[in-house]
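Chemist: Same order as they appear, the protein sequences are chains A and B.
When the first sequence is numbered by my numbering, its final residue is 681 and no position is left out of the sequence of numbers.
When the second sequence is numbered by my numbering, its final residue is 141 and no position is left out of the sequence of numbers.
A portion of the hints provided could be inaccurate.
[Stated by the list, open to error] Part of the chain A face toward chain B, derived, beta carbon under 7 Å:
id, residue
1, Glu343
2, Ser350
3, Trp368
4, Ala613
5, Pro616
None of these hints come from the bench; they were simulated from the model.
Positions of the beta carbon are idealized from the N, C-alpha and C atoms, including for glycine.
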Amino acid sequence: MTLLGQFALWAALLIGLWSAGLAFLARWQDRPELALAVRRGAYAVFAALVVAAIALWKGIFAHDFNIEYVASYTSRNLPEYYLVSAFWAGQKGSLLFWAVVLALFGALAQLLTARRFRDLLPYVAGVTNLVAAFFVAVMLFGDGANPFERLSFTPPDGRGLNPQLQNPGMIAHPPMLYLGYISLTIPFAFAIAALVARKLDAGWIIAMRKWALASWLFLSIGITIGMWWAYLELGWGGVWAWDPVENASFHPWLTLTAFLHSVMIQEKRGMLKRWNMGLIIGTFLLSIFGTFITRSGVIASVHSFTQSSVGYFFLGFLLVTGILSFTLLYTRWPALEPEAKLESTMSRESAFLFNNLALVGIAFSVLWGTLFPILSEAVQGTKITVGPPFFNRVNIPLGLFLLFLTGVGPLIAWRKASSRNLQRQFVGPVLGFVAALMLALTLGLRGYPLMTIALSGFVLATVVQEFGRGVRARMRMHAENPVTALGRLMSRNRRRYGGYIVHVGVVIYFVAFTGLAFQEKTAVELVPGESTTMRSPMGHDLTFTYLGTSQFTQLNRVVSAATLQVSRDGTPLGTVVSEKRQHIDSFGRPTFEPSTEVGLKSSLQEDIYVVYAGTPDGTERAQFSLIINPLVNWFWIGGGVLALGGLLAMWPGGPQIRTRRRLPSEQAGYAVPLTGAGAGS
Amino acid sequence: MKPSTKFALGAVVIVASVSLLIAQGIKQTGTYFLTPTQLVERTADDPTFHDVGLKVSAKVVKGSITRSPAEQRVDFTITDGTSEFPVTYVGLVPDTFTDENDIDVVVEGKYGRDGVFHATDVIAKCGSRYEAEWEAQGQQA
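With the sequences and hints as input, model every part of the structure.
Modeler: Right under this line is the structure:
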C-alpha cells in the first residue's frame, strides 16, 4: 500500500504542477479545451490524493507498524475511533490530510461556482493545484515528512497516541482548524484569479464569499474546541494561554473577520478594493505563517510538534507567495481605483473602516508579541518574551473598542447618517448600555469588567432593536404573526441576521472572559476524611472532603482516581473525580509520561475544577489544585451561538444579493486584457 | 474638514494607541529569556540582575531532582552544557517533569545572590522522540 501511496503522491505533484503551469503560462483563453483541461486537473489531483489517503488509512487500520508513521502514533490497544484521528495526529499525516482536503475544496470550487464566473476558474484551479503541489512536495522532499516511509524492521507494537490527544475534543479540534486554514486557499485563489484576469469588479467577492464564510466558521469552531480541549486537558484551569500556536490560529481569524466586514463596503459602494485584496492575501499568508510557527519550533510552545526542516519549506513558500501576490497586486493598483469617496465619518462605511483597523491592530499586536522573542534576539542579542499580561494589556482596550463598534455598525446609515437617523437608532441601545452599566455597578464590578458588561448591554440592545424593527415591519406589511415574521425575516436576509446572531455570540464570549477574570485558585493537601472550604467568586461556600484514591486498569491505561465530595453552602453536590493516568502498551509497559484528567463539576454559574497532583510516596496525603471558574460554560454556549449565526449567514439558497451596477469605466474595460480575448467578455 | 481627513485622523489615533499599548506592554511585562550561561555572565557583569524576574531555558541534569513532599518543594539542577546552577521551586510540578531522560525546562523566577534560582514557575517539555530511537530499537531486536 505504501508503494501505491507514494505513487499517488508523485501523480498528484506532477498533475498539479502541469495544470498550474498551463493555467498561468499557456494561452488557454482562446482554447476552451485547454481551459477544461486545466480545470480537470483539479479533479485529477483530488483523485490522486484520495488514493494516497486511503493507502495511509489502510496502513493505520491494518496496524502495519513497519510504516514509521503508524508505529509512531498508534498501537494495537488504541481505541478504534482514535485510529481515525491518528491520521492527523502527527506531522506527516496532517500534511497529507491538508493536501487531500485542499484538493477536495479545489475540486468543489470548480464544481459549485456559478457559470458567470467561468473566466476565473482556470486561474483558481491553477492556484489551488499549485498550493496542493507544494504540500505534496513537502511530503516527498521534506526531511522526515513522508507518511509512507518504512522502517528497517517491524516493531511488535506501536508507541500509541499521545494521551493528551486521546480526548473526544481532540478528534475534532485539529481537523476543524485545518478545514479553516485550508478553505482560506479558495478566497485567496479567487483574489489571485481576479487580479490575473483583470476582472476587478466585485465578481470575485461574490464568487468566493461563501468560502470565506465557511473558512471563518471552521476557524471559529476549531478555536472554540481548542479552548475546550486546553481547559480539559492542560489542567491549568484556563481556556486561552496566548501560546504561539493558539495565536497562530487567531491571526487569520482576526483578518478574515475584518475582510468579511470590509467586502460589504466594496459590494455596496465600490470602495476598498485594494484593501480587500491585501487583506485576503494577508489572511492566506498568516495561515501559512501559522503552519510555519507550529512546524518549525522557532518559537517555544506548549504544543510540542516534531521540529524539523519542514518548517523552512513553509517559510520559503510564505516568502515566495507573499512577494508574487503583492507584486501582482501592485501591477493592478491603478485598475483598483475606488468608485466612491467616504462621504462622512458618521457612516456605516466609516464604522466598518474603524472596525477593520481595530481588528488588524489586534492581529498586529498579537503577531508582534508572538514574534518578539525572535525580534528582540535579532535586534538586541537578548531574547525577551512577553506573556499573557502583555496580550491582556494590549488587547482588552482594543477588544472593548471593537465591542463598541459591534454595537455601532448596524445602527448607523450608509453614506451619511443624518442626526434624525442617529437619534432614532441610538436611543434604545444607549438605554441598554445604561441598564447594563447599572446592573454591573450593583454587582460591584469596576474597571474593565464594568465596561465589558455595559458595552455588552449596548450591543445586545442593538441586535434586539434590529430584530424587533424587522419583525414589526413584516407584521405590518404582510400581516404576519410574530413567529412567521421572525422566521421569514431571517430566511430572507440570512447574511444580515446571521451576522447579528454572530454578534450575540461574540458578546457571550466577552462576558465569559469577564467571568474568568474572577477565577479563584488554591493548592491543598488532604488526608482521607479531611475537608477544606473555599469561597467562590459568586459568593458560595464550597467544601471539599477527600474520600480517598482508588487504582484500576481501564482500556489502555492504569488509573489512580482521587475522589472529593463537594458541597455548596452545606448542600451536597456529589463527588468530583480527578485521575492520574499512566498509559500502557499491549505488553503492559508504560508509554508516555503520566497524564492528568481534571475533575469537573460544571454549571452555568461556575465550574468546580479539581486537579489531582499526586500522592507523595509512602503517605496518604493527596495534593490537589482547586479552581473555581465563573461562567466558563458560556464560552461553549457563545461558540454555539456564533456557529449558528455563521451557518445561517452562509446557508445556500435564499434571494440573490443584488450587486452594484457596473460603472461605465469598467464596462469599457479600461483595464485592457493583456492575456487575451476571454477576459474581455 | 473633509470626511476622509477626519477618518485619517481617527486612523492615526488608532494606530498610535495600538503602538503605544504595544510599546508600553513590552516595556512593563517583557521578560528576559536566557540560557544559564547568559544569565551567569550577565549577573557577573551587573549584580542588580539578581533582582530581575526572568526565564531560563535549560536541561535538567539527570538524577538531580530531589522532592520534599512535605513542603511541596522540588530541588534540581539545570544546565546548558557550559554553566549549571541549582533551582528550588515550591508548588506542583507538571506530569512531564521527571529526570529519567534529558528533559527541557523553562523556569521562571529570580537568580538569587545565593547562587540558587528561586523559581515561581516550572514548565517542562517532554523530550522529543526522534527517528533515531526507532533505529536503535531495530538494532537491539
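Chemist: Find the hints from earlier in the document that the structure breaks and name them by number, from lowest to highest.
Modeler: none
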